[in-house]
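Just need the whole structure built from these sequences, with the hints factored in.
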Amino acid sequence: MTKYSVIVPVFNAEGRLKRCLDSVLGQAYKNWELLLIDDGSSDNSFSICFDYAKKDGRIRVFHQENSGPSVARNVGLEQATGDWICFVDSDDFISKDYLKEIDCAIRRNQELEMVFFGFHKLRSDGEILNTVILEDNNYKGVKLASYLSKKGVFGITWIKVFRRDKIGDTRFRRDLNLFEDEVFTCEVMQRCRETLVLKKALYNYV
17 MTKYSVIVPV FNAEGRLKRC LDSVLGQAYK NWELLLIDDG SSDNSFSICF DYAKKDGRIR
77 VFHQENSGPS VARNVGLEQA TGDWICFVDS DDFISKDYLK EIDCAIRRNQ ELEMVFFGFH
137 KLRSDGEILN TVILEDNNYK GVKLASYLSK KGVFGITWIK VFRRDKIGDT RFRRDLNLFE
197 DEVFTCEVMQ RCRETLVLKK ALYNYV
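So the sequence shown is numbered by the numbering used here: it starts at 17 and just counts up by one.
Here are the simulated DSBU-like pairs of lysine-lysine, each with C-alpha atoms no more than 35 Å apart in a straight line:
1) 216 x 116
2) 19 x 70
3) 159 x 112
4) 46 x 182
5) 137 x 46
6) 46 x 19
7) 156 x 182
8) 112 x 215
9) 182 x 166
10) 137 x 71
11) 137 x 156
12) 182 x 167
13) 159 x 215
14) 19 x 116
15) 34 x 19
Label-pair restraints from in silico Cβ distances:
16) 120 x 140: 28 to 34 Å
17) 41 x 94: 19 to 25 Å
18) 215 x 127: 18 to 24 Å
19) 58 x 140: 18 to 24 Å
20) 149 x 59: 32 to 38 Å
21) 66 x 154: 42 to 48 Å
22) 72 x 94: 20 to 26 Å
23) 215 x 82: 34 to 40 Å
24) 59 x 126: 40 to 46 Å
25) 31 x 167: 26 to 32 Å
26) 58 x 18: 35 to 41 Å
Worth flagging that the hints you see were computed from the coordinates, not collected in a lab. Being a predicted model, the structure only gives us computed values, none of them experimental. Built from N, CA and C at the ideal position, the CB exists for glycine as well.
Okay, structure coming up:
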């Protein structure tokens, strides 16, 4: 059974963090681990993470001095044990069928190495502002990267999942304050021959 590692960098997110964590706990697909990396929060975020970890053994919590999301994601990558890597931001949340839909796609094509999907953009009160659905044009490599760039979503970590063995030793560059997501995606994507675009909105971006 495929295992998924969900990596969540956490920084001063106490107001929305529980909704994010509950969305992972409520997944229809159950074989996952949740890696919470507290990036030196000054609010109650770390305590919330710790409380959730006490309730569910699939949750692991790490703490670091404030170093930014790239370093936090790298900690998650070092600790991940899943077959696939997912990134979720702590103020966002995922649909109940997020992992189920991804896993169904992977089971249909076990050669897949990277999966992209759409998302809802929400206001802080939960109202959907718009929905971005990516078209499955059967693009690969440079054509797919170009299509996603034109849509303005190529570098976003949370609209894609990666097979862990394709990430290898690639990490987010801590010396970059801009476009570190694009660099990471480019490096990993060069190793991927089989990619898929799911025409479904599985993520909720607040």
